[in-house]
Structures are given as C-alpha cells and as structure tokens.
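Novice: Listed below, chain by chain, are the residues.
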Amino acid sequence: MSEPTVLVGPERARPDAPAPPARAPRRRRVPLGARLRRDWQLLVMVAPGFGILLVFSYLPIAGNVIAFQDYNPYLGDNPWQAFTHSNWIGFGQFQLLFDDPAFWDAFRNTLAITVFQLVFFFPLPIVLAVMLHNLLSSRLRGLVQTVVYLPHFFSWVLVVTFFVAMLGGAGLLAQTMRDAGMQPWNVMTDPDTFIVLVTVEAVWKDVGWGTIVFLAALSTIDQSLYEAAAADGAGRWRRLWHITLPGLRPVIVLLLILRLGDALSVGFEQFLLQRDAVGRQAAEVLDTFVYHFSIATGNYGYGAAAGLFKAVVGLVLILAANRVAHLLGERGIYSRS
Amino acid sequence: MTATRRRSTGTRPRRPVWEERPNPVGQGLKAVLLTLLVAGVLVPLWVILVTSLSSRETIADAGGLVVVPKGIDISAYRTILAGGAVTRALWISTLVTVCGTVIALTVTVLAAYGLSRPGTVGHRWLLAYFLIPFLVYPPLVPRYLVVTGLGLKDTVWALVLPPAISVFNLVVVRGFFQGIPQELLDSARIDGASDFRTLGRIVLPLSRAVIAVVGLFYAVSYWNVWFDALLFIDRNDMYPIQRVLQSYLLAGQAPHTSGGTAGVTMPPTEAIKMAVVVLTVAPIVAVYPFVQRHFVKGVLIGAVKG
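Protein chains in written order, with our numbering: chain W, 2 to 338; chain A, 144 to 449.
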C-alpha cells in the first residue's frame, strides 16, 4: 500500500492517523520545493476563501486603527485616502466614549440582557432536548423537531413581524383584549417589559435549534449506565442528575464559554429593528450604539472606538472563560490536538 | 414533515424493562408543553396565511387578523405580484440567493478540501488563518468603509461577497471530508488523479448530505439578508425582500404597488401586508423539509470537531 504512493509523491499524513509530535525532526524531511510541487493544487483551492477572508475580515480588523484617528470621510476621494489624510489622535475617541452617558446606558442594557438570557434562555434547550430524547415515539419526536427547528431559519425581520402581528397594537392579542372589553396592551412598545419580550423572541426563534447539539450529546451516553443505575435503585431524577447532566457537561461548558465571549453582543438585528418602537433608553445595546453613533451620523472614528472596545472585551472574556474551563478540567474550545 | 420518518440515531421503540412506569401527571405536563411549543410556531404562520387569503369583509368582521378562514381571495397576491416594489424585491432576493449560494458553496467546498489534509504545505498556518475569524468578527465601521471603498455600494456584490465563506460551514464541510476513508483518496492518487479530479469525482459524490445542509444554511442567510442591505443598498429599486418587508410592516410605509391597478378596487391592506410576509416565508418553508433530515448528521459532525 505504501510502496506505490512513493512513486506518486511524498506521502501525506492521514487525517485519521494520530498527529505526529509537533516539530518532530521528520517534518523537515521533505524539501519545501517538493511539497509545493505536490500540494500546489490544494493551495489553489484554498485561495478564493483566503482572499475573501483577507478583504472582508482581516482588512476590516486591521481597519480598527481608525479608532485612534480623527477619521474624516470627506478627506480624499475614497476611504483609503481619507484614512491616510486623517489625523492621529491617540486615545481621544475612547476618552469621549467613556464620558458618554449614552454609551454606558447601552453597556448596562447589554449586560442586563445577557445575564437575563443566561438565566432564562440558556437552560431551556437542555430541558427541551431531554424531553425530546425521552419521547418513546420517534415519529412524534421527528414531527416536533421539524416544527421547532423551523423558526431558526426566519430572519429577524420576520420574527419581529410575527410578534407585531400577534402582540402588537393591531395584533391578535390587542384584538382579543378589545373584544373582551379590556384596554389593549401593546407589548411591542412597552419599555418596562422589553427585556422579557426580546428573550421570548429569542426563545421562539432558537430554542428548538439549540437542542440539536444537546440531542447529539445525549445519544452518545451509554444506555447501560441508566440500566445499572436503575438496578441500584436510582429513580428518574437521580438518573437525570447523575448520568444525563454529567454526560452533557462538556457541551454545556463549551456553549457557556461561547456565550460568555459574546456577552456584549445580544442580537444586533433584533434590537435595531425594535429600537425605535421601544425607545433608546431600554433598547439601545452596544451594537446598535456603534451603528447609530457612527454610520448613521458619519462619526466613524467614534463608532470604531466603541466597536474596538467591545471586540477587545469580548476576546478577553472568551480567553478567560476558556482558561477557567481548562482549570476545571474541561476541554474548552481550542484544546484541539 | 415527510422527511422525518426514519431517524437512525437513538431509536428506542420500547420502554426498557428496568424503567419505572411513567407518571401520568408528568406525561400530561410534557404533552401540554410540547403542544404549546408546536402551536406557538404554527399558529402565527396559520393566522398570517389565512389573513393574506381573506377578503375585505372577512378582515373587517374579524377586526384585523383572521383566525378562521372564510373563503379564499387571492387578490392581495395578484396585486403585489403584478409588478412594483415587492415583485422587484423578490427578484433581487432570488438573484442574491442563487448567486450567493453557488459562489459560497464553491468557495467553501474548495477551501474545506484544501484544508482537509494535515501535513500539506503551510497547513497549520492556513487552518489558523481560516479559524480566527470565528472568534474575531469583522468590526462594523471598518467593514462598511472597506465595502464602500471597493465601490460595491448599491450592487448585489455588496450582499453576495462578504458572507461568501462562513467559518462554521467550512468547519462542518471539512469535518465531513476528513471522515471519508483515506483509502479511496489514496487509490485515486495512485491512478494519477489530480486533487481537483479527486474532489470532483470521488469526494463530492459522497458528500451530498453535507452539501445540502450547508447549501441550505447559505441560501437561508442570503435570503434573509437585511442589515447588509440597510448598510450597502441605498437605491430602493435594489432592495431585497427583507428590506421591503421591514419598511412596509415595521416602519409603516404604504406598499406602493404598480400604477397599473389604478381604478381597480385595492385589496385590503392587511391582506397585502400578510401576503408579503407569506412570500418571504414561503421559500424557506418549501425547501426546509427536504434538507431537515440531514441536520442532525451534518451539524453533529461540525459540533464534535469544532
């Protein structure tokens, strides 16, 4: 098997084989020229994706430097000229930002919504997944899954439209309340209950989708564990606590880390769409703040500073959370071998 | 719904003997919860569909939205599909979705295959390069400046190109490719097949399921594009459907349909609005059941590897 491969070219490592120890001397055995001659087609394949990421991900990430500029879009004919002609002002934008009460409002709203959703949204897909997993009829389970996955594929415009149609001022709820002789309550414009509303919307859209990864983890739990536990007299809830939840723990930790890294983003389109109906005070989050204070007003450097602040905090959070997970003996996100 | 019959993972037709008899209260509670959940998804869809198909009298009787259908009246659809903003937006969205999905699938499959062989030139560096954008998102303001600086504003390319590779989808496809038995690829190499040939003749035919799933993900995200259109599309004759939906239903602008219907009695606005919603949902609901059965398999691989 290995003899003929030599005729074709140096053997490539197999993806399913254990990775060779990193920086082992034998990695250098094949000269670069030969490897290029062998692999150039693969490099060509990677090129389009490389280019798209370079232009639309890495270039914007590098473009964060305008946060340290007094960026003026009207200097020069294009953004590049405007960039080279604008003055560098150091941390000036950040000073303005940290003195801006609107920024801190957005910051507080974002954190409040994150914490609220961590408590009231995060556990729901786990509960639903356990319920679905325990359904005896696979027909019924498939049916429920088909229906509850569906809203994940709706845009936020659609989801908000549905909620306006059901709960808005001219919606089904208001209609029913009017028929019953009550004062209709427009949930969609009430700033006091906004945090509940956005959570319900997020649950409606993604609770079903969120079960997929838990269902996958549940199907890998060894069934004989349950049998043995039952034989030892463990009841339904004890089995749930001592077998099911530990089986789900790696997935739960992974998703918690990812959610924590995203603590400062709570669903941009969802909030942008509802901000005007509810009011800035309750519905401004960091992402919408960046949008409204930069692109909507032309103050690009300021918006870039807010965006950069958010990105850096997010990166620190995700690395910290991953570190904590490692200390607790979990796999975390990037411990790939 | 027809697609969900056979489910290979975790089918347990009978309750195991060691398990205690189900508690009727618990069972009832579970049934109620699941029914509520399913109804919560289906009822809004039903109400919107029925209202879009209702006549002026039915809507007036119901006082807005119609729950119980009384006859079918397709005049709302006839009005909005007769040309005008909604028709145009549907074409634009179709164009963006078709072009975008084809381009994105091509870019993703090529990159996934190129990155699926450890030990090739620069493999570790390239892999890191492709995975970092999963953790560090392109920031809004510089992204806006890059796209406008490239002169893509008010073109479909502004909607098609930036999202043409999603790291998540890349990881899913790559994971699938790595699961293909290496012997197949080795034998192709021995026979002198190039990497492009191997990908086209051996790998792709084995990967229909994952391509279907990732294709659906891309298609849905292109069909759903809203914010990028808000950023990059200023001309309202280039609006995709989500942008039109938002301006009619959420920002409350009147749907200006084609002038040709002047003099003809207009169908009720409520029906027109809901018809726009139905046309926005319809493609998703139509394609989704065919791909749904692959989800668990396809996404599972990505989740385990990622």
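Quick caveat, the hints were computed from the structure, so don't treat them as lab data. Any given hint might turn out to be false.
Pairwise CB distance ranges (calculated) [stated by the list, open to error]:
(1) D223/W - D377/A: 55 to 61 Å
(2) D233/W - V245/A: 37 to 43 Å
(3) G280/W - A182/A: 28 to 34 Å
To spell it out: a stretch of chain A is covered by chain W in this simulated footprint if at least three of its residues, at any positions, have a beta carbon under 8 Å from a beta carbon of chain W; those stretches are [said to hold, decoys possible]:
(4) 345 to 355
(5) 419 to 426
Quick look at which bits of chain W chain A covers, simulated, 3 or more residues with Cβ under 8 Å [to be verified]:
(6) 61 to 73
(7) 97 to 105
(8) 108 to 122
(9) 172 to 182
(10) 305 to 311
Since the model is a prediction, treat every value here as computed from it, not as a measurement. We treat Cβ as the ideally placed atom computed from N, Cα and C, and that holds for glycine.
Novice: Does each hint fit the structure? Answer for all of them.
Specialist: Do the hints match the structure? See the list:
{"no.": "1", "hint": "D223/W - D377/A: 55 to 61 Å", "in the structure": "58 Å, holds"}
{"no.": "2", "hint": "D233/W - V245/A: 37 to 43 Å", "in the structure": "57 Å, violated"}
{"no.": "3", "hint": "G280/W - A182/A: 28 to 34 Å", "in the structure": "32 Å, holds"}
{"no.": "4", "hint": "345 to 355", "in the structure": "violated (count 0)"}
{"no.": "5", "hint": "419 to 426", "in the structure": "holds (count 3)"}
{"no.": "6", "hint": "61 to 73", "in the structure": "holds (count 6)"}
{"no.": "7", "hint": "97 to 105", "in the structure": "violated (count 0)"}
{"no.": "8", "hint": "108 to 122", "in the structure": "violated (count 0)"}
{"no.": "9", "hint": "172 to 182", "in the structure": "holds (count 5)"}
{"no.": "10", "hint": "305 to 311", "in the structure": "holds (count 3)"}
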